[in-house]
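Novice: Residue strings, one per chain:
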Amino acid sequence: MIEYLIYFPILIPLLTAITIKSLWPIEITRKLILYIGPILTLACSIYIYDRFDELNSNVDIINIFDNITISLGIEPISMVFLIMVNTLWLVATAYSLGYMISNNEKRLGNFFLFFSISISCANGAALSSNLITLFIFYELLTISTYPLVTHKGDEQSKASGRKYLLILLGTSLCFFLPAIGYVYYLSGGLEFVDQGLLFTNLLPDQINHFEISILLILFVFGIAKAAVMPFHSWLPAAMVAPTPVSALLHAVAVVKVGVFSIIKILVYTFGVELLHGLNTVDLLVYVCGFTIIATSIIALKQDNLKRLLAYSTISQLSYVIIAILILTPSAIIAATMHLIAHAVSKITLFFAAGAIYTSTGFTKISEMNGIGKNLKVVTIAFTLGAMSLIGLPILVGFTSKWYIVQSAASESQWIILSVITISTLLNIGYFTPIIYKFFFNNSNANKKFKDLPLTINFAILSCCILMVILFLYPTLIIEVIKNVQ
Amino acid sequence: MIEHIAAIVVMLPIISSVFVMLIRNNSINWLISTTASLITSIASIMMYLQISKNGNISYAMGGWEPPVGIEYRIDEFNALFIILISIASFLILLYARHSLNSELKENKISTFYSMYLLCLGGLIGILSTGDAFNAFVFLEISSLATYILISMGSDRRALLSAYQYLIMGTIGATLYVIGVGLIFVLTGSLNLHDISIRIQELELYRPLYASLAFITVGIALKVALFPLHAWLPNAYAYAPSVGTAFLSSTATKVAIYLLIKYLFLVYGYDVVYSNKIFVFVIIGLSILAMFGASLIAIFQSNLKKLFAYSSVAQIGYITLGIGLANYNGLIGSTVHIINHSIIKAAIFLAIGCIVFKTKISDTHELTGLGKKMPVIAILLTISSLSLIGIPGTVGFISKWYLIIGALEQGWWLVVLSLAISSLLALIYVGRIIELMWFHQPEDALIVNSKSLPVEMLAITFILTLATVYFGIDTRLTAGLAEIAVQNVLLGGQ
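If you read the sequences in order, they're chains R and S.
Under our numbering, think of the first position of the first sequence as 1, with each following residue one higher.
Under our numbering, think of the first position of the second sequence as 1, with each following residue one higher.
Derived from the structure by calculation, the hints contain no laboratory data.
Just so we're clear, the structure is a prediction, and the values are computed from it rather than from any experiment.
Idealized CB from N, CA, C, for every residue including glycine.
Take these hints with a grain of salt, some might be off.
[What the hints assert, rightly or not] Here are the simulated DSS-like cross-link-like pairs (lysine-lysine), alpha carbons at most 25 angstroms apart as the crow flies:
no.: 1; chain 1: R; residue 1: 106; chain 2: S; residue 2: 372
no.: 2; chain 1: R; residue 1: 106; chain 2: R; residue 2: 158
no.: 3; chain 1: S; residue 1: 371; chain 2: R; residue 2: 21
no.: 4; chain 1: S; residue 1: 108; chain 2: R; residue 2: 158
no.: 5; chain 1: R; residue 1: 31; chain 2: R; residue 2: 301
no.: 6; chain 1: S; residue 1: 371; chain 2: R; residue 2: 163
no.: 7; chain 1: S; residue 1: 372; chain 2: R; residue 2: 21
no.: 8; chain 1: R; residue 1: 158; chain 2: S; residue 2: 276
no.: 9; chain 1: S; residue 1: 371; chain 2: R; residue 2: 152
no.: 10; chain 1: S; residue 1: 372; chain 2: R; residue 2: 152
[To be verified] So the derived list for chain S, only partly shown, Cβ under 10 angstroms to chain R, looks like this:
no.: 11; residue: 67
no.: 12; residue: 69
no.: 13; residue: 388
no.: 14; residue: 391
no.: 15; residue: 407
no.: 16; residue: 448
no.: 17; residue: 473
no.: 18; residue: 475
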């Protein structure tokens, strides 16, 4: 049973995409399908999660050549990732229906077509059980989100689309693919193995620290979806896409596939044991630390809300990578936890930003004076999301930051600790002025803005609730990730 | 009948080309050509099956036993290419009828079919023959036919390109003959199998390397190996669309086969690859091709020329695998010959469809094609993506083998160049895709009211589907290439 069910998270979104596109003119069915798709996928994911133990081996789809196979499998990290993506897909569907219609966006059929295909690719990446499958879905995800970035069709979005494609495909073809080839050449396989493929397959005298370092660097920079500097500039550029795309794809699915791939490769391809004491790990910590602080400083100066959120995303992605580079079992929990925490918080922020735009037409922070009076739900949600990212309690961001700090401290990683401290201050620095403007500046207070559709409010509220639930029950995630070997 | 099969696959296209020339009725000629190439395809598949069952075929032409007479020697390696070439030309012929009617003058079409078949026969001849001089004869037959095919293009510049190719091709053939002459002096034989045995007994001395150099350069002209590629872009750009698709998927590929055959089956690995300069030159030129031609393609504004330069770059990939000369590198080459044939046939046939409807030739005229001809635009997008080597398409498979081959040699710079050249491919393909889908046409693209014939669409569709299908199920491409490399080039080791 479960061998077949594992295809569903990939097939259902694909089927949703096709039916939506072909049945677009019929109002009722398309709405129905738009909701049925995510609900079914989520149900499937939860069912797979429930029967996790029944699947003992990977499900091979097709053998390409030699022992290179496209195959699917599940392990704790991918389970958590899969459920996260699909839960947020459901929420984002509600939001995007409201958003796209209120803003009179064109070509809705195409929009939802590529939107669903992207989710299918993200789910495929989550379920990959070897590097080649991961790579295939990684590339397909880039290609299927490209039409969403250029959705507007004007000169600016075309330029962004060019940048998007060039950086993401370019780095993956230049670094990621040769790295995969090298892993295959070294170990004769590509599967994700507990304790790491290279660690288990290579004899101690075969391990060459120089080679491992090169490979590590190729992987971290080759996966530009994780937006480590200097390959980060596609993400602010991609903000020209409609807000639901920025929210679900460029805060959740696409970028998270990037860091998720890095986590999986470090844990299951290298093996954390193998990387202990490698100088390159320190180097990467510096690079990520620099990324965190530099992008936070850039974010301080942004006036466009979505761009600010994009820079904040880049810095938060490097948090996850810096967390996994601590290389202890608790670091894996911390990294995964932060991956989820940031996803939920950032999608809330993006939803709020999109809702503000829908209602008032404002995209610049300097215009948003006093809108807290009219848009109570939205601005409070934004505040909660910001608080979560800063790391204040009763919100999930606190939990993940706590775990990162704890595992960094237990390994005496003072650099990481100081980077986190500085960046928390910077977070406060760029979020508080916005919140202050919302509530304590009255210049727009008496204006009347457009009412928001119910679906948008519903989506924002459910994200806030998620943030609190995950704070109250972090064990939902931790208990699963503990099983990583 | 079955024992003459090796002769049939060569003679059938040549004989039918004569009939086609005599009959001069376009519809009947189309029927004859298609049937002839279909029968050739079936015969070549039968031939492959026979070889895999009973071992290599050695056929004495006219009953004269080798090494005196001309021997046709078919093994798993060239049989694979004969299948590839004949099926490709069959599919392209199926497509050809309406496209030719719209691009050529009424009275020229019969000649086109006739030359097409003659060229096909010549190419299969090069693949099958086991005789050095006979290979030259077939090389000339196919080249002469090619010159005529190119000169038939509707643009007047086609004449000039054909003439350019004529000069270059003749120089190449001359160099080849000089090389063969040198070998004949050294070994006293023209039979390739015989030569390969006698070469082992020779002391390695300069005339042998001189002959190797002459033959390599001579064939490299036909291969269009950078920087001997000057004839190719013009020839591809101004030939009729069908002709371009045919040439790009067959002619250069056959020349590459001939090169591989000389390097591995005649001279042998030890003679060729003990010469470090040779390896350096061939790897260096391949990488130059990958970079140089891709860079030119990026700045190219003529649509067919853009993909022609991309062909030169892709040929660089193939010769790169020859330079690597290890198991994975050779499979990479072999499989890329097959894959690139499929990709380029798909691309040029899609362009043929576009030309059929719009008569455009420049890339910037593609703006808004996604709206006007969505199906063709999708097909062209998919087949262009496989040029980059996106996983799930055939381009990825070849690149994978080449990367592994380069890693086995420990040549990091080669791996890096492979990676960077795909980046360049991304740029020129990305430009086309963006033009088709994301630009609003300034002055609406003029699309004529002729509906696109079903078979043109169907063949383009099938070939595009093949670029994806063989990217996932590689039993028929990489699988057969592995057998060929294992059994033939590496002598079953």
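Novice: Look at each hint and say if it fits the structure.
Specialist: Structure-based check of each hint:
1. In summary, the hint linking residue 106/R to residue 372/S is supported, as the alpha carbons are separated by about 18 angstroms, within the 25 angstroms threshold.
2. At most 25 angstroms may separate the alpha-carbon atoms for a hinted pair to count; residue 106/R and residue 158/R meet this at roughly 16 angstroms.
3. Note on residue 371/S and residue 21/R: the hinted pairing holds, with a Cα-Cα distance of about 16 angstroms set against a maximum of 25 angstroms.
4. Taking the CA atoms of residue 108/S and residue 158/R, the gap is about 44 angstroms. The hint is violated against a cut of 25 angstroms.
5. Proposed proximity of residue 31/R and residue 301/R is contradicted: the alpha carbons are some 40 angstroms apart, above 25 angstroms.
6. Distance hint between residue 371/S and residue 163/R is fulfilled; the C-alpha atoms sit about 24 angstroms from each other, no more than 25 angstroms.
7. Proposed proximity of residue 372/S and residue 21/R is supported: the alpha carbons are some 18 angstroms apart, at most 25 angstroms.
8. The suggested pairing of residue 158/R with residue 276/S is violated, with an alpha-carbon distance near 48 angstroms, which exceeds 25 angstroms.
9. For the hint linking residue 371/S to residue 152/R, the alpha-carbon distance of about 15 angstroms falls within 25 angstroms, and the restraint holds.
10. The hinted pair formed by residue 372/S and residue 152/R meets the criterion: a straight-line CA distance of about 19 angstroms does not exceed 25 angstroms.
11. Violation of the interface hint for residue 67/S is found here, the shortest Cβ-Cβ separation to chain R being roughly 38 angstroms, above the 10 angstroms cut-off.
12. Hint status for residue 69/S: violated, given a least beta-carbon distance of 40 angstroms to chain R, over 10 angstroms.
13. The interface hint given for residue 388/S holds, since its Cβ lies 7 angstroms from the closest Cβ of chain R, which is under the 10 angstroms cut-off.
14. Taking 10 angstroms as the C-beta cut-off, the interface hint given for residue 391/S holds, the closest approach to chain R being about 4 angstroms.
15. The beta carbon of residue 407/S comes within 4 angstroms of a beta carbon in chain R, closer than 10 angstroms, and the hint placing it at the interface holds.
16. Here the hint on residue 448/S is broken, as its CB sits about 26 angstroms from the closest CB of chain R, past 10 angstroms.
17. For residue 473/S, the suggested interface contact is upheld, since its CB lies about 6 angstroms from the closest CB of chain R, less than 10 angstroms.
18. Checking residue 475/S against chain R: minimum C-beta separation of about 8 angstroms stays under 10 angstroms; hint holds.
Of the numbered hints given earlier, the model fails hints 4, 5, 8, 11, 12, 16; all others are met.
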